[in-house]
Amino acid sequence: MMLAQRAIPRDTTLGEWFTDPQSWTGSAGILASLGDTVVLCLAVILTSSLLAVPTAAYLAHHRLAQVTSAWLVNIGRALPTFAVAALLVPVSLRGGYGFEPWPIFIALVLLTVPPMFLSTYVAVREVDPAAVDAARAMGFTERAVLRSVELPLASTVIFTGLRVAGVQVVATEPIRAFLGGDGLGRYIRDGIGQNNATLTIGGTILIAALAGITGLVFSATERLIKPYGVRRLRAHRKPRSGDADEEPDLGDTDEFASHHGAAVGRMR
Amino acid sequence: MDADLKGPAIRFRGVTKRFPGTRTQAVDNLDLDIERGSIVALIGPSGCGKTTSLRMINRLIEPTSGLIEVEGTDVSSQPPVELRRGIGYVIQQVGLFPHRTIAANIATVPRSVGWDKARIDQRVAELAEVVGIEPSMLSRYPDELSGGQQQRVGVARALAADPPVLLMDEPFGAVDPIVRSRLQDELLELQDRLHKTIVLVTHDLDEAIKVGDRIALLNVGGVLEQYATPDELLRAPANDFVERFVGEGRSMRRLGLATVADLPYEAGPVVEASADVAAGLAVIDELRTDWLGLVDDDTFLGWIPREELVPGADLASLERFLPAAQVEPTSTLRSALEIIMTSRTSVAVISDNGRFRGTVTLERIRAGLAGDFDAPTEHAA
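First to last, the protein sequences are chains A and B. Per the numbering used here, the first sequence starts with residue 1, numbered consecutively. Per the numbering used here, the second sequence starts with residue 269, numbered consecutively.
Among the hints, a few may not be true.
[Claimed, not checked] Far from chain A by the CB rule (all over 10 Å, computed), these chain B residues:
no., residue
1, Phe-513
2, Gly-517
3, Arg-574
[Said to hold, decoys possible] Quick list of simulated restraints, FRET-style, between CB atoms:
no., chain 1, residue 1, chain 2, residue 2, range
4, B, Asn-507, A, Ala-70, 37 to 43 Å
5, A, Arg-63, B, Ala-506, 37 to 43 Å
6, B, Arg-379, A, Ser-219, 28 to 34 Å
7, A, Gly-229, B, Asn-507, 35 to 41 Å
8, A, Ala-70, B, Gly-315, 39 to 45 Å
9, A, Pro-21, B, Arg-379, 55 to 61 Å
10, A, Thr-68, B, Ala-506, 48 to 54 Å
11, B, Ser-314, A, Ala-220, 47 to 53 Å
12, B, Pro-445, A, Arg-147, 57 to 63 Å
13, B, Thr-284, A, Ala-70, 52 to 58 Å
14, A, Ala-209, B, Glu-394, 53 to 59 Å
[What the hints assert, rightly or not] Incomplete in silico selection of chain A near chain B, CB under 8 Å:
no., residue
15, Arg-63
16, Ala-130
17, Asp-133
18, Val-230
19, Leu-233
Hints were generated in silico from the structure; no laboratory data involved. Built from N, CA and C at the ideal position, the CB exists for glycine as well.
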């Protein structure tokens, strides 16, 4: 599959490549490659969020594994994705699962779980302790405290973490093309292989565009699923103190004065 | 409500709390009875276990040993979730849910216990009125309200399911003094209507004196040093610690606690307008004042200076000085003192809606402080 491709002449311009219908169609076309990439990225993002978010939320709610979490997350972040995937290829081959897509899938999950975990953990832990205390004191079960107070209040930060990790997945997924797979990374690989800058730059543009769109899709999803009460919080993040705002209420200073002295009249 | 229940609303028996990894107790063998329908203020220096004691009542903290009963039932025998839904809770930081409207915040417990929507809506509207929240604010969010308003919502939320017991942890600590004073007054008005059993943690002695029916003063290590009415605490500190804690302003603080009506009646240098000059002179000589007051039945007519009292003059026709310094029976001794200090006669007339009810002087206030204000009348809130 790495071979058997229509060779692109080196003097093809980017404009010509993008406007040629043949670039888009076929098994090696942009649309098919885009499909491969999108499917893998979606699978990775879904798997990672299902692994990271509930675990982190649960641990943070119970203030568990604070040190261990930080430690694991740091190790996770230090893992070179390309190396992990490459090391997994022989394992996958020996297990009979082929070159693709398991090694890259696992490597990308390992790449995205740490930031998702960390942002969720921190977001839940940083929720206003007074709101959590009040909820518990009003007879919320622990599960209800997490579901009705901590998660909604943490959701903005959690979503940011998911978005950043999602964009990172899309931007990293092209290494798959160097590990026996396809997807949008194929144009970069082929461009390098054929010493064809048009292909390399074209592929890069496509990947960057997809990453940008991914960010937008995350933001739109966030807007759609967050209730208004949670959504408006970010815009009105200014906590108010009672002092200045009480002013309009002070119209009834007479009432206040009467608490201090019931002087009805004084002799002159 | 609960009139059939005998005994205190909340009872601590030998309650000790030691947090893991600490050498000293947070609360040490605490015995405390909190009478139904009263406000008890827990006060003491930091580390005295006042908040810990409060949070053990609704099992946010579990005691190491000892027994706590609420309305006659051992709290450790009740599931925390059920127990807490029946106990109101107000904290300094308010802890409103910022992502929910004011109405939804107030409706928290009713919703948890499954009231229907109509009943919840009605209750929310009712509570908004009780605590003084405009109906238009109910659809707003907590960050759109001032600190004082937020705390009112916090109180409404705690009262939503009509719990007999209310726990308040420094409820007015985060608002400025003027708002705090108003919220304290509102709490007392509320209590006059609702008769809840309220346990209030504070570090502010003036607040404890103002709102507490009784004050439990705790020392570092969770030792209860004195449990008494505010006046008793100020008048008769149980030991050196209490005396030092209540400080040098004890007498001044008691002035704010007692009202003019707490003093025994005394007419003062006053005669009926129909009396003659000789009788008037006799009165002011006996009381050694320079002013003679004239009354007509129970109306105070005014003051006449001593030099006008020449033999043969007609008292009723002499020039009288008005208005006189006046106080009401409900005025505190502190405000009476203030008025006396600025009056020319050194005497304040007690006027109950215009009716003469005797006089107050510095000497009488001083004598009053030597006595026991709790004895004749209940401490007026």
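Okay, the hints, checked on the actual structure:
Look at Phe-513/B: its CB is around 26 Å from the nearest CB on chain A, clear of 10 Å, so calling it non-interface holds up. With a closest Cβ-Cβ approach of about 17 Å to chain A, Gly-517/B is found to remain outside the 10 Å limit, as its non-interface label requires. Interface exclusion of Arg-574/B from chain A stands, the closest Cβ pair being 15 Å apart, more than 10 Å. As the Cβ distance of Asn-507/B to Ala-70/A is approximately 49 Å, the hint placing it in 37 to 43 Å is violated.
For the hinted restraint 37 to 43 Å between Arg-63/A and Ala-506/B, the CB-CB distance of approximately 40 Å keeps it satisfied. Taking 28 to 34 Å as the suggested C-beta distance range, the pair Arg-379/B and Ser-219/A conforms, at roughly 31 Å. The hinted window of 35 to 41 Å between Gly-229/A and Asn-507/B is violated, with their beta carbons roughly 52 Å apart. Checking the proposed 39 to 45 Å range against Ala-70/A and Gly-315/B shows it is violated: the Cβ atoms sit about 31 Å from each other.
Look at Pro-21/A against Arg-379/B: about 59 Å separates their beta carbons, and that is inside 55 to 61 Å. At roughly 50 Å, the beta-carbon separation of Thr-68/A and Ala-506/B lies within the given 48 to 54 Å, and the hint holds. Distance hint check for Ser-314/B and Ala-220/A: the Cβ-Cβ separation is about 49 Å, which falls inside the suggested range of 47 to 53 Å. The given range of 57 to 63 Å is broken by Pro-445/B and Arg-147/A, whose C-beta atoms sit roughly 39 Å from each other.
In this structure the hint that Thr-284/B and Ala-70/A lie 52 to 58 Å apart at CB is violated, the actual value being about 36 Å. Range check, Ala-209/A to Glu-394/B: about 57 Å between beta-carbon atoms, so the 53 to 59 Å window is met. Evaluation of the Arg-63/A hint against chain B yields a violated restraint, the C-beta minimum of about 14 Å exceeding 8 Å. Against a cut-off of 8 Å between C-beta atoms, the interface hint on Ala-130/A holds, since the closest Cβ of chain B lies about 4 Å away.
With a cut of 8 Å, the hint placing Asp-133/A at the interface with chain B holds, because the nearest CB-to-CB distance is about 6 Å. The interface hint given for Val-230/A is met, as the beta carbon of that residue sits about 5 Å from the closest beta carbon of chain B, less than 8 Å. Using the Cβ-Cβ criterion of 8 Å, the hint placing Leu-233/A at the interface with chain B is satisfied: the shortest such distance is roughly 6 Å.
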